[in-house]
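A.B. asks: Residue-level listing of the chains:
2 protein chains.
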Amino acid sequence: MATRAKQIDAALDAAVPLQYPEVINEAMRYSLLAGGKRVRPALCLAACELVGGTADAALPTALALEMIHTMSLIHDDLPSMDNDDFRRGKPTNHKVFGEEVAILAGDALLALSFEYIARETPKSVPAERTLRVVVEVGKAVGAEGLVAGQVVDIKSEGQEGIGIDTLQYIHHHKTAALLEAAVVSGALLGGAGEDDIERLREYSRSIGLAFQVVDDILDITATTEELGKTAGKDLAVAKATYPSLVGLERSREIADELIESAKGQLVTYDKLKAAPLIALAEYIRSRKN
Amino acid sequence: MATRAKQIDAALDAAVPLQYPEVINEAMRYSLLAGGKRVRPALCLAACELVGGTADAALPTALALEMIHTMSLIHDDLPSMDNDDFRRGKPTNHKVFGEEVAILAGDALLALSFEYIARETPKSVPAERTLRVVVEVGKAVGAEGLVAGQVVDIKSEGQEGIGIDTLQYIHHHKTAALLEAAVVSGALLGGAGEDDIERLREYSRSIGLAFQVVDDILDITATTEELGKTAGKDLAVAKATYPSLVGLERSREIADELIESAKGQLVTYDKLKAAPLIALAEYIRSRKN
Numbered sequence: 408m409a410t411r412a413k414q415i416d417a418a419l420d421a422a423v424p425l426q427y428p429e430v431i432n433e434a435m436r437y438s439l440l441a442g443g444k445r446v447r448p449a450l451c452l453a454a455c456e457l458v459g460g461t462a463d464a465a466l467p468t469a470l471a472l473e474m475i476h477t478m479s480l481i482h483d484d485l486p487s488m489d490n491d492d493f494r495r496g497k498p499t500n501h502k503v504f505g506e507e508v509a510i511l512a513g514d515a516l517l518a519l520s521f522e523y524i525a526r527e528t529p530k531s532v533p534a535e536r537t538l539r540v541v542v543e544v545g546k547a548v549g550a551e552g553l554v555a556g557q558v559v560d561i562k563s564e565g566q567e568g569i570g571i572d573t574l575q576y577i578h579h580h581k582t583a584a585l586l587e588a589a590v591v592s593g594a595l596l597g598g599a600g601e602d603d604i605e606r607l608r609e610y611s612r613s614i615g616l617a618f619q620v621v622d623d624i625l626d627i628t629a630t631t632e633e634l635g636k637t638a639g640k641d642l643a644v645a646k647a648t649y650p651s652l653v654g655l656e657r658s659r660e661i662a663d664e665l666i667e668s669a670k671g672q673l674v675t676y677d678k679l680k681a682a683p684l685i686a687l688a689e690y691i692r693s694r695k696n
Numbered sequence: 408m409a410t411r412a413k414q415i416d417a418a419l420d421a422a423v424p425l426q427y428p429e430v431i432n433e434a435m436r437y438s439l440l441a442g443g444k445r446v447r448p449a450l451c452l453a454a455c456e457l458v459g460g461t462a463d464a465a466l467p468t469a470l471a472l473e474m475i476h477t478m479s480l481i482h483d484d485l486p487s488m489d490n491d492d493f494r495r496g497k498p499t500n501h502k503v504f505g506e507e508v509a510i511l512a513g514d515a516l517l518a519l520s521f522e523y524i525a526r527e528t529p530k531s532v533p534a535e536r537t538l539r540v541v542v543e544v545g546k547a548v549g550a551e552g553l554v555a556g557q558v559v560d561i562k563s564e565g566q567e568g569i570g571i572d573t574l575q576y577i578h579h580h581k582t583a584a585l586l587e588a589a590v591v592s593g594a595l596l597g598g599a600g601e602d603d604i605e606r607l608r609e610y611s612r613s614i615g616l617a618f619q620v621v622d623d624i625l626d627i628t629a630t631t632e633e634l635g636k637t638a639g640k641d642l643a644v645a646k647a648t649y650p651s652l653v654g655l656e657r658s659r660e661i662a663d664e665l666i667e668s669a670k671g672q673l674v675t676y677d678k679l680k681a682a683p684l685i686a687l688a689e690y691i692r693s694r695k696n
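Top line first, the protein sequences correspond to chains A and B. Last residue of the first sequence? That's 696 in my numbering, and every number before it is there in order. Last residue of the second sequence? That's 696 in my numbering, and every number before it is there in order.
Bound-form chain A, shown alone:
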């Protein structure tokens, strides 16, 4: 995973050159190259290879997913949203470049992500498949994906009586939707059949939900230093979280159950080829930040 992350970093570096007007490209690069774990690209590439494709077919989409993830972090951190000052241990984008540039950097990353998929996906992938990837990714971002999750999240903050249904809706849309798009896009680009796609969709839904449950747990159990972002924030703003609704112990059990269920979707595949997706599922359960 560390090797993959380095490849992804180098490719992202090349995808956003530092050209005029420099300030916007600097802002995009500041957050894009801040050294995340590159989980979404790794999922996309692993799914492509699982079904028999080569990594180069999925690489442009893998990068696009990281651009979109970065956009969502930049916009979520804004003063009018979650108002966060730190992200991945560094000042947030608007703290460095100002709110107006941070908003525009997010917009530019979002536009570039789709352009990049359409422009850079190798011609060996049938254009119909690439279009389907654009649809899959677009749906994961907009008013049926990331944005929907963020809106419901913001509107739920500080409200009494947020139920488990709303919590799951938020998690599914804020986190799981893009992880799902990563896995399904990778599979599509690798030439997957509909059966593969449905199995991998189930896998990604489980790890997606687990990802957010673990996030909620870490917000309580980890320090700000470990997280690289402000810890205890959910509690401070009375946010609905798994630990606040079902307790810490049950939250850990739920995360375990979800990861086991995800791995269960991979049993029909060659063990060697499934290893990266199994490792990614394990990583999501055990990560510390």
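Hints are supplied without guarantee of correctness; some may be wrong.
Where chains are identical, the list cannot tell them apart; a pair therefore holds if satisfied intra-copy or between any two copies.
Stated by the list, open to error - In silico lysine-lysine, DSS-like type, Cα no more than 27 Å apart, as pairs:
#: 1; residue 1: K640; residue 2: K562
#: 2; residue 1: K640; residue 2: K678
#: 3; residue 1: K562; residue 2: K502
#: 4; residue 1: K530; residue 2: K546
The set of hints was computed from the structure by calculation and includes no laboratory data.
Could you slot chain B onto chain A? The hints should help.
C.D. replies: Positioned in the frame of chain A, the structure of chain B alone reads:
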């Protein structure tokens, strides 16, 4: 043009249904259905028909262009950007829904625009062409398009010694780039050859620049009521504009020259088929808001 605008309005209405979470879809619809002139969709459809295509091939892209245009208006109006309270005679999006929802509504419209092109373009259009449209549109929005123009615009405000080069850069990227994408995309979807595309690219660059020159002129000569947005705003923030740099009379001449040059690109086409694009060029010169 009025008939076309009504068709576009009805199709946009259907493209963004009022589903859960309602607030985000309401916010998207509020600005999307605020009754603009639909110049970009009209250009896209007219270019498609000029080269022998049918309107249904270009309709999804025409709608997507209006979604993107709307996104850029919502984000440009934000307090940290141009800080505008009125747009098309109504309170701006963030005045009604709050800054956080306005930012997200823009994000969702941008994501939807690409998804919509990929999902809704008829299968009769070769998928390779549709992918090329995604690239063309993406480039017109991101750090080489709209966003670049807005960044340079913001950074130039109130500065002394903004030259005509910077002004043209801003105009080309903030306005002309998306008009160009509209015309070129329409042509691509209609099956245009490379010669058609280059001629129509020239046409669109001229009307794009003229569009912004007329905008600058109207900011001085029209009232807030006529414009539906705050008049005299460029002057108030010491913005570089054509009238401020070359005077009102020369600005009008420049607009005339650009429109004539645009029409000159259409002389080789059938007069009847070229009529809509000629009318759109004339409209851009003579519009009052």
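A.B. asks: Of all the hints numbered above, which does this structure not satisfy? Sort the numbers upward.
C.D. replies: Number 2 only.
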